[in-house]
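There are 2 protein chains.
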Amino acid sequence: MNYFSSDFKLGILGGGQLGKMLLADTRKFDIQTYILDPSEEAPSQFGATKFFRGSLMDFDTVYQFGKMVNLLTIEIENVNLDALDKLEAEGLPVYPSPKTLRLIQNKGRQKDFYVQNNIPTSPHQRFVDLNDLRKSLEKDELEMPFVWKCAQFGYDGNGVKIVRSTLDLVNLPEVECIAEQMVPFKNELAVIVARSVSGEVKTYPVVEMEFHPEANQVEYVICPARIDEKVAKKATEIALKVSEAFTHVGLLAVEMFQTEDDEILVNEVAPRPHNSGHYSIEASYTSQFENHLRAILDLPLGNTNSKVAGIMVNLVGEEGFSGQVIYENIEKIMAIDGVTPHIYGKRETRPFRKMGHVTIVNENMDEARKIAEKVKNSIRVIS
Amino acid sequence: MNYFSSDFKLGILGGGQLGKMLLADTRKFDIQTYILDPSEEAPSQFGATKFFRGSLMDFDTVYQFGKMVNLLTIEIENVNLDALDKLEAEGLPVYPSPKTLRLIQNKGRQKDFYVQNNIPTSPHQRFVDLNDLRKSLEKDELEMPFVWKCAQFGYDGNGVKIVRSTLDLVNLPEVECIAEQMVPFKNELAVIVARSVSGEVKTYPVVEMEFHPEANQVEYVICPARIDEKVAKKATEIALKVSEAFTHVGLLAVEMFQTEDDEILVNEVAPRPHNSGHYSIEASYTSQFENHLRAILDLPLGNTNSKVAGIMVNLVGEEGFSGQVIYENIEKIMAIDGVTPHIYGKRETRPFRKMGHVTIVNENMDEARKIAEKVKNSIRVIS
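Protein sequences, first through last, are from chains C and B. The opening residue of the first sequence carries number 1 in full-length UniProt numbering; numbering runs sequentially from there. The opening residue of the second sequence carries number 1 in full-length UniProt numbering; numbering runs sequentially from there.
Be aware that a few hints might be false.
With the C-beta cut set under 8 angstroms, the calculated list includes, among others, these residues of chain B facing chain C [to be verified]: (1) S5; (2) T49; (3) V147; (4) H342.
Here are the in silico distance ranges between beta carbons for each label pair [stated by the list, open to error]: (5) E363(B) <-> K186(C): 48 to 58 angstroms; (6) G91(B) <-> E40(C): 42 to 52 angstroms; (7) R226(B) <-> F8(C): 35 to 45 angstroms; (8) E40(C) <-> F8(B): 17 to 27 angstroms; (9) T247(B) <-> E363(C): 32 to 42 angstroms; (10) F8(C) <-> D366(B): 53 to 63 angstroms; (11) Q181(B) <-> D366(C): 53 to 63 angstroms; (12) E214(C) <-> A245(B): 48 to 58 angstroms; (13) E348(C) <-> A245(B): 29 to 39 angstroms; (14) K233(B) <-> N364(C): 24 to 34 angstroms; (15) K99(C) <-> N216(B): 53 to 63 angstroms; (16) N364(C) <-> N364(B): 49 to 59 angstroms; (17) E143(C) <-> E363(B): 46 to 56 angstroms; (18) V183(B) <-> E367(C): 43 to 53 angstroms.
Hints are computed from structural coordinates only; laboratory data are not their basis. Glycine included, every Cβ here is placed at the ideal spot set by N, Cα and C.
The following block holds chain C by itself, in its conformation from the complex (with noise of 0.2 angstroms):
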């Protein structure tokens, strides 16, 4: 197939940063991309060949986009599976495939799909709504502290909740929910799996996600993780393991934590580029989203390793500021050799919202921990 100034159509939904920064290999390799977002402000509007607005969860929108382009694949996991699976039946190529989607998509099925496959995960039970829940409380089934996640749409701890005891359930939805069983950890890891059409499989080093020590955020993601060789070589062989069971293509965040005893659980998946691979673009000899290009359209995929030490801190905006975005500071990070700030291009800050990254890169580990302090500590998202 020929994919390079020919009349090839890939078709992304989904036009938020993961789709602007993937877009910037789809112009690399000048590969025509059509994007459909709902927002007309959406960060991926400049890059593509053409931009569709457009609801991600309508049938027919997403047939029709689907049917404008030869490979579909996807920058965001809630779509409308219906259309994909139509499509898929119709012969487009869909990358992730609507069934790996429809798995994922609920985090219950997602828990049993680990179980089945021998993957180890933390224990969990499945309700279809929070009465389900209680009920099972109350009958002693189920035992607190607990892990609660909303089976569906949660995303950046978002319907997740710890609770301890039955005050914590009284602003919870009445959703279809699962409760996972508190394991201590001492790491939460992730490593993303790229895997082609034709099944060419190549792993990124571990990374490991540094919290603040008292808010319950993550502050750095770092390439790679500061862990012992066996656990990085155990987390890999998981995120392998992951990655065949659900054969998927495309790239595979596989998200993990490490527990006090060094076992490795897996959390969750994204089937996509994914935040703990920003590090990528300036630290791999290939970047996550040069390589999800890659695997779809079942080219040989890119070497995995890193060039150089890689740490990421992302730009969130900050508590008390609403309205058109400034970013204090940012001249000083730049000024720092090895700073690379990506704006995602939101006019608008709002508290935790998401606005962009900054990446550090130094041939010294310790020397770009250093630094990403720094430039934690200067930038701010205000307005």
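Please build the complex by placing chain B on the supplied structure of chain C, with the hints as guidance.
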């Protein structure tokens, strides 16, 4: 000044591959960009905020375009300078300045400028036209062999001819020209200097052009150049002197000869991102394109050091092929670690048309050089 996700608009005159690669960084920083180019198939038509079609040589078109933006830069030198003069006089920042562009556009004036500023360059004579040159030959004021260069609008070897006898003059155009003394050299080198509005200056490492042993064609641009450190230091100092002399803002690519006795002679300059710096996208901490942006926006310059060794191979249209382009064996070269093709987005190939380039990066220069040869011998731009 707030450039990021703001109303600030950067204007770029020219929409070719240099503009296209520059757009990757304006997108990364979410800086609004307007592009002017005469071609409806310009590689930069995607990724800009707005793309305008129009002549770069027409006063009114360039002037009107300039009135819509907050800062103006170029990705090609041949633009209407009177319009830039007027825009600059009216307060618009124009980088590089029309004064510099006027000096550079004319090879005679450019050479005179080097002589006036004690910048080493091969001896030259200026002629108003070919007839003027012929008279000089007749009066024995000019000796053969020499290098004839048309004074304006030459590029990529067009408008250059070695004259060994008067027979070589037969088909030359009757335009303003210069004659340069032929100086035997052992290397062609280049240094890219980034200089910001405030005068911050950084240089990229010296690169080396490796020529085909028989055909007189650059095959590889190699960073860093495999030359003596003293020579590299001298080349860098001279490049800095050239940038200072022009009080240049933005990138200045300084092409130089290393003579048989290790003298450095300036050949010519390009006041913009340059083919000799394309390797920087993959190999450097900060690409030449990002540093051009940083320089003209008066942001701190990024680290110009390399993470790894880099080699660039141009992809030009194969002789004997015209029409819808096919990149034969592109999958083959993409299977090699550290190989990244850049496809410029020209649908039609023609013999010797610049269609793209391939970057090879590796920790080890010898290994990179071997891979570069494999790449060169595999990929073909055909139709």
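Status of the T49(B) interface restraint (C-beta, 8 angstroms, chain C): holds (6 angstroms)
Do the beta carbons of E40(C) and F8(B) sit within 17 to 27 angstroms of each other? Holds: the Cβ-Cβ distance is about 20 angstroms, inside 17 to 27 angstroms.
That 35 to 45 angstroms hint for R226(B) and F8(C) (C-beta), does it hold up? Holds, since R226(B) and F8(C) (Cβ atoms, about 40 angstroms apart) stay within the stated range.
Within 43 to 53 angstroms or not, the Cβ separation of V183(B) and E367(C)? holds (45 angstroms)
Okay, K233(B) versus N364(C) on CB: inside 24 to 34 angstroms? holds (26 angstroms)
29 to 39 angstroms was suggested as the range; check whether the CB atoms of E348(C) and A245(B) agree with it. The hint (29 to 39 angstroms, Cβ to Cβ) is violated, given that E348(C) and A245(B) are roughly 46 angstroms apart.
At the C-beta level, are G91(B) and E40(C) separated by a distance inside 42 to 52 angstroms? With a Cβ separation near 33 angstroms, G91(B) and E40(C) fall outside 42 to 52 angstroms, so the hint is violated.
Have a go at the V147(B) hint: is there a Cβ in chain C nearer than 8 angstroms to its own Cβ? Violated. Min distance 36 angstroms.
Mind checking the hinted window 48 to 58 angstroms against the Cβ distance between E363(B) and K186(C)? violated (33 angstroms)
Given a hint of 49 to 59 angstroms, does the C-beta separation of N364(C) and N364(B) actually sit inside it? Hint violated: Cβ distance 20 angstroms, outside 49 to 59 angstroms.
Quick check on the hint: H342(B) CB to chain C CB, less than 8 angstroms? Given a least distance of 6 angstroms, the restraint on H342(B) holds.
Can you tell me whether the CB distance of T247(B) to E363(C) sits inside 32 to 42 angstroms? Holds - the Cβ-Cβ distance for T247(B) and E363(C), about 34 angstroms, lies within 32 to 42 angstroms.
Hint check: violations occur at hints 3, 5, 6, 10, 13 and 16; the rest are consistent with the structure.
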